[in-house]
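From first to last, the protein sequence lines are chains L and V. Residues in the first sequence are numbered consecutively from 852, following the numbering used here. Residues in the second sequence are numbered consecutively from 550, following the numbering used here.
Rather than coming from a laboratory, the hints here were simulated on the basis of the structure. You may find that some hints are simply not true.
[Said to hold, decoys possible] Below 25 Å or equal to it, Euclidean Cα-Cα: the simulated BS3-like pairs (lysine-lysine) are:
#  : chain 1 : residue 1 : chain 2 : residue 2
1  : V       : K592      : L       : K930
2  : L       : K906      : L       : K895
3  : V       : K592      : V       : K568
4  : V       : K636      : V       : K592
5  : L       : K959      : V       : K592
6  : L       : K895      : V       : K592
7  : V       : K636      : V       : K614
8  : V       : K592      : L       : K963
9  : L       : K906      : V       : K606
10 : L       : K963      : L       : K930
11 : V       : K568      : V       : K636
12 : L       : K959      : L       : K906
13 : L       : K930      : L       : K906
14 : L       : K959      : L       : K930
15 : V       : K592      : V       : K606
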Amino acid sequence: DVVLTQTPVAQPVTLGDQASISCRSSQSLVHSNGNTYLEWYLQKPGQSPQLLIYKVSNRFSGVPDRFIGSGSGSDFTLKISRVEPEDLGVYYCFQATHDPYTFGAGTKLELK
Amino acid sequence: EVQLVESGGSLVQPGGSLKLSCVASGFTFSNYWMDWVRQTPGKSLEWIGEINTDGSKTNYAPSIKDRFTISRDNAKSTLYLQMSNVKSDDTAIYYCTRIEEGFDYWGQGVMVTVSS
Chain L
852 DVVLTQTPVA QPVTLGDQAS ISCRSSQSLV HSNGNTYLEW YLQKPGQSPQ LLIYKVSNRF
912 SGVPDRFIGS GSGSDFTLKI SRVEPEDLGV YYCFQATHDP YTFGAGTKLE LK
Chain V
550 EVQLVESGGS LVQPGGSLKL SCVASGFTFS NYWMDWVRQT PGKSLEWIGE INTDGSKTNY
610 APSIKDRFTI SRDNAKSTLY LQMSNVKSDD TAIYYCTRIE EGFDYWGQGV MVTVSS
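Given these sequences and hints, build the entire structure.
What follows is the structure, given as structure tokens:
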């Protein structure tokens with residue numbers, strides 16, 4: 852199975868700062884069709900996860916442009932510029948290139 | 550408004566069975582692949598499996614293969630997860646999700662506890 856390693860485990864931030872989360876895969880996430888199925892989700896406290904980014908860098912409808920996904924192959928990053936209170940929670944990367952599909956262990960974005 | 554509402558969660562004994570349901574509304578259910586994802590207490594998320602639009606194709610994670618079955622009734626806009634021979638490791642919150650580009654909508658989740 853593909854292992855997604857997220858770092859850091861926790862990211863203390865000050866509101867208004869930039870935050871960066873890394874997701875590294877145990878193998879390339881480039882599908883045979885040329886797409887890279889790497890997604891990012893945010894789970895706010897007490898809520899279901901919500902989709903932020905799909906296919907590495909595409910923002911889901913309604914997601915603010917301060918969320919930027921990037922990367923290629925097996926190395927991916929989610930950057931959040933100007934962190935706001937509603938951005939706090941646990942971020943997960945997810946790959947749907949290789950079966951079985953897998954999630955990273957999560958990165959908790961929290962206030963300093 | 551897209552809504553996914555799960556039901557059927559409960560306490561079940563090891564080796565027992567349980568069937569979860571997810572009623573969809575606000576979109577044409579039969580046009581979308583659907584998945585189940587679970588979250589164990591205090592831990593990460595785990596993809597369980599998926600079903601195509603007409604229910605003719607399913608795909609499962611190895612951890613639940615041969616024990617869980619995903620099905621759907623498009624006339625009722627309902628997704629199902631039949632759980633059999635459950636183990637303590639199956640204790641989790643179970644979410645149904647819609648797939649388009651990613652899991653774009655999630656239900657509120659339903660708790661399943663496996664314990665004697």
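Exercise for the section: Provide an ascending list of the numbers of those earlier hints which the structure does not satisfy. Expected result: 15
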